[in-house]
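Chains A and B supply the protein sequences, listed in that same order.
The first sequence: position 134 = 134 (UniProt numbering), numbered continuously.
The second sequence: position 23 = 23 (UniProt numbering), numbered continuously.
Hints are supplied without guarantee of correctness; some may be wrong.
Claimed, not checked - Result set (DSS-like, lysine-lysine): computed pairs, CA atoms no more than 30 Å apart in a straight line: (1) 129(A) - 146(A); (2) 146(B) - 99(B); (3) 144(B) - 99(B); (4) 60(A) - 100(B); (5) 65(A) - 239(B); (6) 4(A) - 129(A); (7) 60(A) - 144(B); (8) 65(A) - 288(B); (9) 99(B) - 65(A); (10) 60(A) - 322(B); (11) 322(B) - 65(A); (12) 65(A) - 240(B); (13) 99(B) - 60(A); (14) 65(A) - 144(B); (15) 65(A) - 55(A); (16) 322(B) - 55(A).
Said to hold, decoys possible - Label-pair ranges, simulated between beta-carbon atoms: (17) 39(A) - 414(B): 23 to 31 Å; (18) 233(B) - 148(A): 55 to 63 Å; (19) 39(A) - 211(B): 43 to 51 Å; (20) 104(A) - 299(B): 19 to 27 Å; (21) 204(B) - 95(A): 28 to 36 Å; (22) 284(B) - 148(A): 37 to 45 Å; (23) 302(B) - 117(A): 36 to 44 Å; (24) 233(B) - 95(A): 25 to 33 Å; (25) 287(B) - 5(A): 25 to 33 Å; (26) 82(A) - 31(B): 31 to 39 Å.
If you are wondering where the hints come from, they were derived from the structure by calculation, not from laboratory data.
On a predicted model such as this, the values are computed, not experimentally measured, just so you know.
Every residue gets a Cβ at the ideal spot worked out from N, C-alpha and C, and that includes glycine.
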Amino acid sequence: MTAKTLMNPNPMTLSPSDTVAIAADRILQHHLRHLPVVDAQGHYLGTFSVYSLLKLTLPKAVLDKHGLDNVSFVTEHVAHLAQRFGGRRDEPVTNWLNIHEVAHPETPAMEIMLLMLHGRTTSVPVVNKENGRLEGIVSFWDVLEKVRGENA
Amino acid sequence: MHGSETQLASTVIFGLNPMWYAAILFILTYVVIMTERINRAIVSLLAAGLMIFGGVLNQEAAVRGVDFNTIGLLIGMMVIVAITRQSGVFQYVAIWSAKKVNASPWGILAMLSVVTAVVSALLDNVTTVLLIVPVALLITEELKVKAYPYLFSMIVFSNIGGTATLIGDPPNIMIGSAVGLTFNDFVVNLAPVVAVVIAATLVPVYVIWGRNLKAAAEDRQRVMDFNEREAITDPALLKKCLAVIGVVVLSFVFARSLGLEAATIGLFGAAALLLLQCWPHNADEQSKLVTHAFTEAEWITIFFFVGLFIVVHGLDSTGALKLLADHLLALTGGDLTATAMTILWSSAVLSAFVDNIPFVATMIPLIKAMAPTFGGPEGLMPLWWALSLGACLGGNGTLIGASANLVVAGFAERAGQPIRFVPFLLMAFPMMLMSVAICTVYLYWRYL
């Protein structure tokens, strides 16, 4: 079993010019966790995910790699978080991409499961090795369905 | 680094004169360190090896060149800081100080500048900015003011504050160790002038930025709502840390009457704090905690020092530095004032562009060689203060003048408000010259 047999070949995607507001709508509307971002030629650029949304509502000082690891001294109201998110609604999604490890169509299933486990992610983009285009996306659910199907 | 007690070979590898071989190797080492293409620890260790392979030193002589008092003190303090920083006490102080001035943007800028200076005097500068800058970034984000003035000031004041004490900046540790100066000697001789420099540097910071900073009342309230007590992550650990740091500082103060050297105090303090932190835990947990504390020490800096001490000792043992000292004395006519001023200003300008650690490592034996001209080691005191002030404050001249500068620049870059080389130079270099001018007056008035 490889990525090609597991993946959804027509995932919902975002384009680089889409705004944070559009991405947030889609994520909340469809209850998706990850939206791959692809350019006009279909090249995979990164993933906008629920974690991107979390980051959008946090101060930059917390997100820095040497940033604060304890912010329990900050007492913010939901209104403040909403305000921060509001200020970033019109930014392009490309400002907030997560660069995940990707799979290739020929990547074996076990390797993909390991990528999910180590990357703490529930879906893995499948990218063509030669041209960098997004071929599909393998989600946690696809893999589990297959595994259960074999035993059913 | 102690004179030239080594038996010298008359020729080294390839039949070269040892002085030439050592000098060429030394200059190459400097050049490669300055290009920053290869990690400085690798460069200095390779160069140390080449001093030995080339026959300038044998291993025994090389090891004698390493100042283990400096190394021990550095490691001891690094371990103590690695444990203490986990307690959140430095964030507590930063937030507390911001609230003391009612979260006014200029008040916070001034307070955080002074806090940075004071913390830098007790910790190394890189650690200080790593602890304070994230708080500053959070506060500026909440106040919706530019972070640039704050980040700029953290750079400048960390270098100024570090100048005040034995443990504030590596050049002071090296000078103190090589000359046998105590914590008190540094505080008594340098802290007064550092206090003046802090006050004086706040003036341009106010004129350029401070007076124009404005924040909305509602945003200031958000900072006032910070609960600094929550920044303390581990109150029990904090008490242990403060107790150990208190005893360590007291031991530094009484080091001379106790007959203790700095490395003993630093390493014993580290061991005591590790004991206090570890004893309630089982063996497995203990080794995790100890591993963490040791990993946090900056081994690149430590090994850089080890290699550098050997390289400089190699050069010194060939008599090259004595020769250089004689030339310098000929230039200044053996006049103490002229020599002190030359050392102060050249250290400041050079340290603005090159790493001050190798510079100071080289200057120490060079200045020691001047002792006969100035009536023995006692007569050299003004020169040591000149070296310390110049080398530490010079780091403020450019963005590459000290490692803390680059750490802050990294934060600025990631926060989307980059600090560029030339704009920084245009503001910081004149401020650095002003601080050295203050030191010139101070040295002249007090010692010359």
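We went through each hint and held it up to the structure:
1. 129(A) - 146(A): Between residue 129(A) and residue 146(A) the Cα gap is close to 25 Å, so the pair holds against 30 Å.
2. 146(B) - 99(B): holds, 19 Å
3. 144(B) - 99(B): Within the cut-off at roughly 16 Å; holds.
4. 60(A) - 100(B): holds, 24 Å
5. 65(A) - 239(B): holds, 28 Å
6. 4(A) - 129(A): Roughly 13 Å between the alpha carbons, so the hint for residue 4(A) and residue 129(A) holds.
7. 60(A) - 144(B): Holds, at about 12 Å.
8. 65(A) - 288(B): holds, 23 Å
9. 99(B) - 65(A): The hint holds at about 26 Å.
10. 60(A) - 322(B): Judged against 30 Å, a Cα distance of about 53 Å means the pair is violated.
11. 322(B) - 65(A): Not OK: residue 322(B) and residue 65(A) at ~47 Å, beyond 30 Å, violated.
12. 65(A) - 240(B): holds, 28 Å
13. 99(B) - 60(A): holds, 21 Å
14. 65(A) - 144(B): Given that 30 Å is the threshold and the Cα spacing comes to 21 Å, the pair holds.
15. 65(A) - 55(A): Holds - the C-alpha atoms of residue 55(A) and residue 65(A) are around 13 Å apart, at most 30 Å.
16. 322(B) - 55(A): violated, 59 Å
17. 39(A) - 414(B): 23 to 31 Å: Holds - the Cβ-Cβ distance for residue 39(A) and residue 414(B), about 25 Å, lies within 23 to 31 Å.
18. 233(B) - 148(A): 55 to 63 Å: Since the Cβ atoms of residue 233(B) and residue 148(A) sit about 43 Å apart, the hinted range of 55 to 63 Å is violated.
19. 39(A) - 211(B): 43 to 51 Å: holds, 47 Å
20. 104(A) - 299(B): 19 to 27 Å: violated, 38 Å
21. 204(B) - 95(A): 28 to 36 Å: The hint (28 to 36 Å, Cβ to Cβ) holds, given that residue 204(B) and residue 95(A) are roughly 35 Å apart.
22. 284(B) - 148(A): 37 to 45 Å: holds, 38 Å
23. 302(B) - 117(A): 36 to 44 Å: Holds - the Cβ-Cβ distance for residue 302(B) and residue 117(A), about 37 Å, lies within 36 to 44 Å.
24. 233(B) - 95(A): 25 to 33 Å: holds, 31 Å
25. 287(B) - 5(A): 25 to 33 Å: For residue 5(A) against residue 287(B), whose Cβ atoms are near 46 Å apart, the range 25 to 33 Å is violated.
26. 82(A) - 31(B): 31 to 39 Å: violated, 55 Å
In summary, the structure is inconsistent with hints 10, 11, 16, 18, 20, 25, 26 from the numbered list given earlier, while agreeing with the others.
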